[in-house]
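Chemist: Taken in order, these protein sequences are the chains called W, V and H. Our numbering puts the first residue of the first sequence at 1, with every later residue one more than the last. Our numbering puts the first residue of the second sequence at 1001, with every later residue one more than the last. Our numbering puts the first residue of the third sequence at 2001, with every later residue one more than the last.
Treat the hints loosely; a few may be bogus.
As the list claims (entries may be wrong) - 27 Å max Cα-Cα, derived BS3-like pairs, lysine-lysine:
hint, chain 1, residue 1, chain 2, residue 2
1, V, K1197, V, K1082
2, H, K2288, W, K35
3, H, K2081, V, K1197
4, V, K1255, W, K35
5, H, K2073, H, K2126
6, H, K2198, V, K1082
7, H, K2288, V, K1244
8, H, K2288, V, K1167
9, H, K2061, V, K1197
10, V, K1082, H, K2061
11, V, K1244, H, K2126
12, H, K2198, V, K1167
13, H, K2087, V, K1197
14, H, K2284, H, K2179
15, W, K35, H, K2087
16, V, K1255, H, K2198
17, V, K1317, V, K1244
18, H, K2291, V, K1244
19, V, K1082, V, K1235
20, V, K1159, W, K35
21, H, K2288, V, K1082
22, V, K1167, H, K2099
It should be emphasised that the hints constitute simulated quantities derived from the structure, not laboratory data.
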Amino acid sequence: MDNVFYTLHDFFFHTESITYLLIVPVLVGITLFWKFLAEKEDE
Amino acid sequence: MYENDSTDEKSWITPFNVVAGLIVVIGLVITILRFTGGLATVTNLSDYNPWGIWIGFDLLVGVALAAGGYVTSAAVYIFGMKRYHSAVRPAILTGFLGYALVVLALHYDVGRPWRLPYPFIVQQGTTSVLFEVAACVALYLAVLFIEFSPAAMEWLGIKRARNLVDKLTLLLTILGVVLSTMHQSSLGALFLIAPSKLHPLWYSPFLPIYFFITSIIAGLSMVILESTLSYRYLKHKMDEVYLKEKNDVTLGFGKAASFVLAGYFIIKFFGLSSGNDWRYLGTGYGIWYLVELFGFVALPCVLYAVGVREKNLVLIKWTSVLAVLGIVVNRFNVCLIAFNWHLPSSERYVPHWLEIGISIFIVTLGILAFRFIVTRMPILYTHTDYKDSH
Amino acid sequence: MSISRRKFLGWVGAAGLSTVWSGPASAATTKHFEGYPDSLGVLFDNLLCIGCRTCEEACNKVNELPPPEQSFKDLSVLDQKRRTTAKTYTIVNRYNSSKGPMFRKIQCNHCLEPACASACFVSAFKKTKEGAVTYDASVCVGCRYCMIACPFEIPAYEYDKVLEPRIMKCTMCYPRVIKGLLPGCVEICPTEALSFGKRKDLIRMARDRIHRYPDRYVDHIYGEHEMGGTNWLYLSGVPYTEVDMREDLGVTPASELTAGALSSVPMIVGLWPVLLTGIYAINKRSDKIAKHERELAVDQAEKAASEEAAKSKAKEDS
Ligand code: SF4
Ligand code: SF4
Ligand code: SF4
C-alpha cells in the first residue's frame, strides 16, 4: 500500500476516512459492552 | 378520537387556513420556477455569495431550532427529569419535522439535489466538515423518525413494533445526543475554513462550541415557545398530565436556558479576549456585535432569570421569543451579515424575495404538518392504552 | 498518489484496519508536508504584463468557453473590478498603483493544500502530482461549499443551468499539460509575463529577479507561503494590496483550519456514550435508592402503625 503522503490534505483524507470507518464498530461495541456490564443488575 | 372533525367542518375556511393555503400555492409556483429556471431565476446568489438564506435560515437556523428534540429527551431519559416527560413527544415531533424540512430546503439550494446521497454512496469527502454535517443530519433524521414513530404506531394501533421501539429509548436518546453534538457544532465549524471572509468578531476557533451551546439555548427556548403556541391553539388536544406539567416545563426550561445563556455569554467574552478582537468593538460591526451579545444573549438571560424567580410565566414565554430571535440573529451574522464583510456593498448579498418566499413556504409546511399530526396522534396527550407505561 | 473511491472502499473491512498500524506517515500530525516534489506552476510577473487580454482570449479558446460579453480586443473592461466567473476562468484587471497602472491576472492559484478540495464533501477536487487542482463535475452535488472555502474567491457556479450546473474554474490546462503542451494563457502571452515550469524552479527564478532588481520588485513572492503555498506564483513591482491581492490570508493551509474540529468527532463518539450512560446510571441508581427508602419508610410506618394498634389492643384487652 502506498503510504507516502505529499500533502496534508491527502494525509487527513486517509486518517479521517479510517476514523469514519471505525466509528460504526465503536458505537456498536460500546453498546454491547454496556449491556455486558449492566446485564446482571437489572430485572 | 375524531371529535375535532365536527369543528373542522363548520370552520374550514379560517383566516389561518386561507393564509396558509395561499402561501403553499405561491410556494409551489416558486418551486416550479426554481426547478425549471435554475437557481439564477429565483435567487440572488452570486459567485461571491454562494450561500444565501436557504443555508443561513433554512439550514443553520432550522437545525438549531430543531434542537429541542435532543435537549428534551436527554433531560428526561438521561438526566432523569421525569417531571418533564410530557414535553418529550412534542419536542421530538418538532425536531423531526424541523430536520425533515431542512433536508427538503437543501433540495432547493444545491445545484443537483438528486445527487444529495452522493457523499455517502459515490465518493466520500471525509476531510470536509460538510461531510460530517451531512452524515449526522441524515442519521439523526432517521433517529428522530424512529423516536417519533411510537406516536404514529399508537395512532395506527401497531402495538408490538411500538413496544419494541420503546425499549430502544435510551439507546436512541444517547445516539441522538452524540449526533446532535457533532453536527450542531460542525455547522459552526463549516466557517472555520474561511477566516479571511468572516469578520474577526464572529470568526473564532470556538465557533463549533458556540454553535453547540446556542443549539441548547435554541432547543430549550423552542420547547417553551412551542408549548405556549400549542396551548393557545391546540389546547383541546392536551391531557391533564400535559397541562399539569406544562408550567413546570416552562419554569424548568426557562431556568436552564438562563443559565446556559450565562455560560454562553462568558465563553463569548473569553473568545473575544483570546482573539484579541477588542479593537473591532468600536467599529460598526463591533456595535452590531455588542447588540447581539447584550440584546440577544445577556438580555434573555436576565429576563429568563427574573421570570423564573418571580414565577412569571408570561415573561418567560416572551423571553423565549427573544432567545429564538437571538439564534436567528447569530446564524445570520455568521453566515450572511459578517460573512464577506470585506466586499464592497455592491457585491454583498441581499435575498431575492422569491428566496424568502421559499423559506416562508417551508416553515408553513412545517406548521401544517405539526397541526396535522398533533390533531391526530397522541403527542400532547398519552394514548389510553399506554397511560402507565411511564 | 491520489486516493480514489476504490481505495476508500477497499479500506472497508478488516483490510482497512491493518493500514492504521502499517502507515508510517500517519505516525504524527505535526509532520510537515512539502507537496508533490516536481509539481508544475506558473509565475506571473506584473512588471512584464501589458494588459493585452490575449491570455483571456486564449483561455476562452482552449477551454471552449462561451463567447465573451465584450470582445477581447476591448481594453476598456480592464478598469472594471472583474472576477472569475462561470464563463471566464481568467481575467486581467488594471489598478492605478503608486507606480502607475499595474495589471493583475486572476485565475485559480492551484494551492498546495487546496481549500476547495478540503471542503468538498464528495472529493470532487484533486490535487494532481502535476500541480493542477482538477474538478470532477460528474460527482459534484452543487453545495458550493468550495466557493465558501476558497480564500482567493476563484470557483464560480453555473447558477443559470437547471440540470447540470457545474463549478467552473481554471484547470491549469491540465489536459494540455499532461500532453506536454503549455497552458493556453502561458503559450500566448507576448511578453513572457507568464512563465511555466517546475514550482521550485519558478521560485528560484523569482528570487533571482528580486535579487537582481531589488528596487523594482517587492521582496515577496506571492504564493510561496500564502495559505500553505500555491502553484501559481506572483512577482510584483508594487505592494500586493495595491493590486488588490490580499496579504492578510496567513500561511495556514486550509485543511489545518478544520482539522481540530474534525478531530473532536471521534472524541465525542468515544466519550459521550460513556458520560451519558454514566449519568443515566447514576440517576437510575439514585431513583432506586429513593424508591427503596420510600418503601422502607412506608414499611416502618406500617409497622409502627400495626405495633401501635397491637399495643392499644393489648391495652384494651387488659
Ligand atoms: S485557488 Fe481556490 S479554487 Fe484554486 S486550488 Fe486554491 S482553493 Fe481551490
Ligand atoms: S459545489 Fe461541488 S465541488 Fe464544490 S464543494 Fe460542493 S460538491 Fe464539491
Ligand atoms: S492555465 Fe489554462 S485554464 Fe488556467 S487561466 Fe491559463 S488558459 Fe485558462
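Chemist: Go through the numbered hints given earlier and state which of them the structure violates, listing their numbers in rising order.
Modeler: Of the numbered hints given earlier, those the structure breaks are 1, 4, 5, 6, 9, 10, 11, 12, 14, 15, 16 and 22, listed in rising order.
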